[in-house]
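Asks: Same order as they appear, the protein sequences are chains R and X. Taking the numbering used here, I'd label the letters of the first sequence as residues 1 to 410. Taking the numbering used here, I'd label the letters of the second sequence as residues 1 to 83.
Rather than coming from a laboratory, the hints here were simulated on the basis of the structure. Among the hints, a few may not be true.
[Claimed, not checked] Derived DEER-like restraints, expressed as beta-carbon distance ranges: (1) R:322 to X:35: 55 to 63 angstroms; (2) R:127 to X:27: 51 to 59 angstroms; (3) R:127 to X:34: 17 to 25 angstroms; (4) R:204 to X:52: 45 to 53 angstroms; (5) R:122 to X:17: 30 to 38 angstroms; (6) R:356 to X:34: 41 to 49 angstroms; (7) X:78 to R:397: 50 to 58 angstroms; (8) X:72 to R:149: 38 to 46 angstroms; (9) R:146 to X:39: 30 to 38 angstroms; (10) X:52 to R:269: 20 to 28 angstroms; (11) X:77 to R:45: 47 to 55 angstroms; (12) X:48 to R:179: 46 to 54 angstroms.
We put the beta carbon where it would ideally sit given N, CA and C, even for glycine.
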Amino acid sequence: MVHRVVVTGMGVISPVGQSVAEFFDQLAEARSGIRCVPESVYSGPNRLVAGQVQFDPSRYWAQRETALLDRATQFALAAAREALHDAALDVNDDDERCAGVYWGTGFGGAGSLEASYRQLYGGDGRVRPASVVLSMSNAAAGQISIANGLRGPELNVSTACCSAAVAIGEACRAIRHGYADVIVAGGSEALVTNGVLRAWDAMRALAHADPADASRSCKPFSANRTGIVLAEGAGALVLESAEHAAARGAKVHAELVGYGNVGDARHISRPDADGQVRAMRTALDDAGLQPREIGYVNAHGTATDVGDVVETDAIRRVFGDAARGLAISSTKSLHGHLMGAAGAVELVVAIVAMERGILPPTAHLEQADPACDLDYVPNVARRARIDAVMSNSFAFGGMNGVLVARRFPR
Amino acid sequence: MNTLQTIKELVAKQSGTTPDRIDENASVDKLGIDSFGVLELLFELEDIAGVSIPREALPREGTLAQLAAALDGMIASKAASPK
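Excised from the complex, chain X in its bound form (with noise of 0.2 angstroms):
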């Protein structure tokens, strides 16, 4: 899974645009996502990645590139220890 690539198309799909328009960057909060679009961002991702996803990984100043960073971390520890 493309990872940033997903997030950036949920975000999109939250905000009526395209993905290519999602600055990976920016501040959550320079992008305009409020608090129920991040934890909105956070359910669909946690469905898709199949791992659970602490509120903590997309603070208000975090940036989506950060954020797809430590899910790829959590869906490596979660492959590496399978229970």
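Okay, chain R solo, but in the shape it has when bound (with noise of 0.2 angstroms):
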């Protein structure tokens, strides 16, 4: 028996907003949340930009509690909360199908890693005890199901950029093929560290800041953009069957419909529009939807001059005539790249977008770009009707991500 899936809640930890009201509201005021990263976190030459989060962690625990937590693994705790409560969810109401965890992260715990390395070799040469717990890639999802009691099926996934979109899509199949009823799924990352912002400058991907004001950074599709702006934050999603959710009356935002995973194999880092293509028919296929039924894409959109194009390319083969129609946006254009936290908080725009009738735009699109032709929302949010959605990741190593939701009920 193939089984529904529904999301029932929702939790964002991010640059713009700490809650998935306060994000879209930002978002779709066109409010960004990047900032030049201050010299406490960052030593080298160029100035940089990223998108933080002022994050109080005393908020959520004592002291003591917050020393085995790397600040990823916060993110994600805070957001799982969030979303766990907008579900309203007594996940030990069954013994015997109990609630998972699938958990996305491009790094882990990057901030403790780092500042492992720099005492074990610039420092006094030591290492603290904690240091594997706090650092480990799955500290996050272990700690989200320690937290709320989770003791269902788990997956760490770790592909870059599409970390997130391949957790919930790998989620959403779990309980589509009755492995659990309920699964917490999303991604969360925290690596603007001194050390991950130099590796990323030496390769030459990041954007220059923006000389008059460095909140603008981010420019996707526009004919001026200069590349990625890095950011940290979690999203989480409560996925559940559509019998569970209606035996409980539980409220639902949306239908988790189509999930594409596919892998380019061209290139370590350059996309390819084959590959996107290929992911994009995969998750409309398994929704089965047509194209044109979608209303609304959260593009990839990192504002690299490769990838903008190749996205467009993409999304204009897969759509054919419905693509002159369609509504495409980069949110990242104003909370940055949350690399594996991306797919889970950019579906919650999306789904966001759909029960709200508001577009959220893609900021900063100040010179038209002929290569990026489609329309991207430019600059100013619009309310539209629409009842399916499309999210895309798409990551380095070639490794692809789409997810594709619809109202619930028809």
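Take the two lone chains and join them into the complex the hints point to.
Replies: Written out as structure tokens, the structure reads:
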């Protein structure tokens, strides 16, 4: 038996808001959370910008508890807490079919790892006892499970920029095919650290700080775009079988209907339109939807020279004539690239857009690029009734994760 | 070095409280210090005291007063037989 899968709870920690409501409101008003990286974080030669979260752990935990939680794990726990509260789910109501955790992260406990190496090689040569459990890739997934008593199936996904999208897609499949009734799915990332920024800068992939206004530095699809803005945060969704949700009278945000996971098999960092086309088509086929039934696409849109053109090309090939009437936006323009958490926060954007009938814009689209000539909802949000949405996440390694959600009930 | 006072200050810092609120005769378990908290405490004491402290110096049922006494012993042995 194949179960339908619905979203009954959502939570977000991001550079523009630390709740789903605050997050979406800021995006709808085109308010950017991107700022210059302070010298206390980054000590390299170039002036860099990033999307950082003004996070106060003492709102959630006592000091002793935060000592065991890397920043990325703290974001994960906070987002999962909001999502589970939103879902009003009692995870202990069924001993047999426990709720699971499927979580994505590109880097895991990056800050803790960097602190450990700094101490080992540059400091007193010692390593803190908690270093392993702080920095291991599955720390967030494990801590979410422990904090919330989730004893079901667990998976930690690391597929770079599409980690969260893949975690959510795999969770959807697990519920569809009866491996769980409920899974908390999403992703977290906190890699705005000196070492990581230097490594990305060395690839010459990061945006130049906008000389007039640092908050405008991320310009997807604009002819004067200069590259990626790294960001941190987390997104969590409670996925549930439709029957389980109905039996407990849960409120449903949307139905998760399509998942496309395919590889480019071309280049370790350069994106490829063929792979993206196949990923989008796979997700649409999985959803049983025609391209023209999609009302809004939250693009991957990282503002690289090549990436934005490749994605434009791929969308045009998938949507054909329908591409002209399709609204697409890259909200990375406002919250930055959350890396392993991107797929989760961006799916939340797409679902809330559908719920509220508001499409958030691609901000800072200052100069039209003839190679990116689709409707990117430039600069200002727009009201629209839409019934199905798509979220794209395309990653280094040539990995692609595309998700499709639709209004529920139909 | 006032060993017990130093230990209480470290534990207070870890817990976000003040040394006078730490009961040196309560077990580590009762104080709510988990296994990582114990390791962190011994780690910092090693740095301060300049001696290597075995994990057994502070078991779950041990107290901070007992740790202080044991640590004083280790510091004294080291002073008595310098290498």
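Asks: With reference to the structure, classify each hint as holding or not holding.
Replies: Now the hints, each set against the structure:
1. R:322 to X:35: 55 to 63 angstroms: For residue 322 of chain R and residue 35 of chain X the Cβ distance comes to about 58 angstroms; the hint holds.
2. R:127 to X:27: 51 to 59 angstroms: At 28 angstroms between Cβs, range violated.
3. R:127 to X:34: 17 to 25 angstroms: For residue 127 of chain R and residue 34 of chain X the Cβ distance comes to about 19 angstroms; the hint holds.
4. R:204 to X:52: 45 to 53 angstroms: About 47 angstroms separates the Cβ atoms of residue 204 of chain R and residue 52 of chain X, which means 45 to 53 angstroms holds.
5. R:122 to X:17: 30 to 38 angstroms: With a Cβ separation near 31 angstroms, residue 122 of chain R and residue 17 of chain X satisfy 30 to 38 angstroms, so the hint holds.
6. R:356 to X:34: 41 to 49 angstroms: holds (43 angstroms)
7. X:78 to R:397: 50 to 58 angstroms: holds (53 angstroms)
8. X:72 to R:149: 38 to 46 angstroms: holds (43 angstroms)
9. R:146 to X:39: 30 to 38 angstroms: violated (19 angstroms)
10. X:52 to R:269: 20 to 28 angstroms: Given about 46 angstroms between the Cβ atoms, the range is violated.
11. X:77 to R:45: 47 to 55 angstroms: Distance hint for residue 77 of chain X, residue 45 of chain R holds at roughly 51 angstroms.
12. X:48 to R:179: 46 to 54 angstroms: Roughly 51 angstroms apart at Cβ, these two residues keep to the hinted range, so it holds.
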